[in-house]
Amino acid sequence: MKLSNRSLVGALVGVFTSAAVMTGLAMPASQAADTINILSLYKTSGGPEAEAMKLLISKFEAATGAKVNLTEAGEGLATQYNSDLLAGKGADLMIVNLFDGTSAWLENGASVPVDGYVKQWGLDKVIQADALADWSAKTGSGAIQGFPFAGFTWPLWYNKSLLAKAGIKSVPQTTDQLITAAKALRAKGIAPIVVGGSDWSGNKLWSQIIESYMPPAEAKKVFANGGYCSSKNAMKGIDLFVKLRDAGVFVNGIEGYTADQMNTAYYTGKAAIMPAGSWAMPSTPPAISKVTEMGGMPVPAGAYYKKPTAFQAYSAVGLFVGPNGLKKLSLVKQFVQTLYSADVVAKFVSDVAIIPATKTPLTAASLSSASPLLAQSVTALPSKVSYALFPDAYVGAKGTPLTKASALAYGPGVKSAAICKAADAAYKG
Amino acid sequence: MFKRKSTDEGIALLPAHILVWTYAALLGIPIYFVFVSAFKDNIAIFDTPLALPTSLSFDNFVQAWNTVKLGRGLINSLIVTTMSEFVTLALALPAAYGIARSKGKIGAVVERIFALGFLIPAFAALVPTLLLSIKLNMYHTLPFFSLFLSATTLPISVILLAQFMRTIPHELEESAMLDGATRWQTLRYIYLPLTRAGIALVVILNFLTYWNEYLFSLVLLGYQTSTRTVQVALPVLVTNNTQYGVLLAGTLVSLIPVYIVYIFFHRKIEGALLAGSIKV
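Protein sequences appear in the order of chains D and P.
Under my numbering, the residues of the first sequence are numbered 1 to 429, in order.
Under my numbering, the residues of the second sequence are numbered 1 to 280, in order.
Looking at chain D on its own, in the form it has when it is part of the complex:
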């Protein structure tokens, strides 16, 4: 069928008209008083959090009669929110993690401090003090950036079956034991520690190792301002990292690995040890889950931490309140209270394997329904490890350049002086 010129023009006019109509429908962020606009990383379909989000929204709408206008965003959430704010159409609430893109919102006036509301609404009795501390760490003034909701644990995973094959009876507690274990594993053709040397996962393990000798107060300063080369304890940590790397505790070619390759190597039984967060626990193959013991990063003699270290933080997901949210404060209050209600929290724990920021007691049964590994990391892990300072809140916007420095550190033959210099360079410019 040949398309005549007239019908072609007609079709194009149709496209324009439909676009105009859709545009009319698509005007952003309703300012209606009975609608709450939320920009969210959590989705209502597809992801493991979908059913929990549906429960949250339906419960809130039923209780208030208000509507939720949910915009499901991706990694560019902060970009969209900043643009929306410029247009005067910023969302009322943002469900997102605390990272370098969002941690500057409070000081830029893009979000409001919530510490006053935590007290007024009685949430200090509901939310753990550690979680509130994580969300006020950057401000230093006690101002809380948002309502913390989901946290994580970030231990080292040990495949006990592979360790046993190499004749290792228990999870290494010291770096010397780790080096011995790595040699034994290599002798059996098993890769020891796998991590994404080129990305954020490698950066976190690098930070964890160099924290070995640093008290938290010193670690905060170094992560916030740099000065790795001039900090004696940071340098001792970097030397330790180099010693471990050169002793072969990491899988060969570690500098090119990504977090996804790390997961695959561990999940397929090719590597015996990996550091991974609790978000990875539900998708672990059952056969690997059964033989996994959660532990920490072994520590050297004379370390600040007396037990192997792991990370635990509450910056995974929280609720920021935008300036527009202040215009609908009663709805915001009700939404926050619904989010923290016991059944909603329980649903997020069971479906998404979050470590909730609430004081809700977690039973082994409820955790096991999410993942036996999550249950293990909440019940058994805390007595085995010391929790090192999680660096993200202090590193802030330097996270990306610092990851380049840690990627360099995983490269063979790179000296401690070059590593600390690269890390310090991340804080310049």
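Mixed in with the good hints, there may be bad ones.
In silico BS3-like pairs for lysine-lysine, Cα to Cα no more than 27 angstroms straight-line [to be verified]: (1) Lys347(D) x Lys69(P); (2) Lys359(D) x Lys183(D); (3) Lys69(P) x Lys67(D); (4) Lys69(P) x Lys54(D); (5) Lys221(D) x Lys232(D); (6) Lys69(P) x Lys89(D).
These are computed hints drawn from the structure, not numbers from a lab.
Remember, predicted model here, so these are calculated numbers, not experimental data.
Knowing the structure of chain D, use the given hints to seat chain P on it.
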């Protein structure tokens, strides 16, 4: 003797054959990877990236389609792309005709002004464009984004079309004028049919630009389902536990319109490129 000659030629062309097939494989492997990965889970993708999938389940496609409402994203992308193509051609064709037929200095100056458009880095236009859309009360609207895309591709479109139009003999235009044709009629009945290959080239180059645009789409249209394009919808599938099979299934779906357009236009594009090579 002839046989000997052809054997010699065959041997002489062997390196060229090897290079061409290597190049084809380099292009084919990523497409193959995307295709097979769309049917796998993460472990299979990273453990055996080039192996065939063990099943041809469409679960990943269904999940991608439902999770980020890919259908609506495709419709939005289609609307934006069609509007932008229409506006660009509507402006570029008469502009190119004017430039191609101009004999004076003004035409040359105008052509250089269009060429200067290449010098504006797209990123530098981001904030001013955002502010403009807000000022015009057209933030998060498809027509504004289409107008913006047209503006970005207008320089290359005008320059390319003007080059094609310059190859058309003046005599054709003069005889049409003698028969009483107006400028518009000359453009419509003489130039457009004879520059179809060039128009096809511009259409597909622009199509790829419009269809694949991400950063400006994110900033100007945002994440809301009603306006987001397929390129903004797809990254919503990226999380800290990304299911790459689902992401690549969505990517494969987003590529379908590109291949359809290429199938429709490829002969004309190849003709246009060949015409260009002969001219050179």
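Original post:
Is lysine 347(D) close enough to lysine 69(P), meaning Cα to Cα at most 27 angstroms?
Top reply: Answer holds: lysine 347(D) to lysine 69(P) is near 24 angstroms, not above 27 angstroms.
Subject >> Pair hint outcome, lysine 221(D) versus lysine 232(D) [Cα-Cα no greater than 27 angstroms] >> reply: holds (13 angstroms)
Original post:
Given the hint that lysine 69(P) pairs with lysine 54(D), does the C-alpha gap stay at or below 27 angstroms?
Top reply: holds (16 angstroms)
**OP:** For the pair supplied as a hint, lysine 359(D) and lysine 183(D), confirm whether the alpha-carbon distance does not exceed 27 angstroms.
**Re:** violated (43 angstroms)
**OP:** For the pair supplied as a hint, lysine 69(P) and lysine 89(D), confirm whether the alpha-carbon distance does not exceed 27 angstroms.
**Re:** This hinted pair holds, its Cα atoms lying about 23 angstroms apart.
**OP:** Below or equal to 27 angstroms on CA atoms is what counts here, so check lysine 69(P) against lysine 67(D).
**Re:** holds (21 angstroms)
Comparing the model with each numbered hint stated earlier shows that hint 2 is the single one that does not hold.
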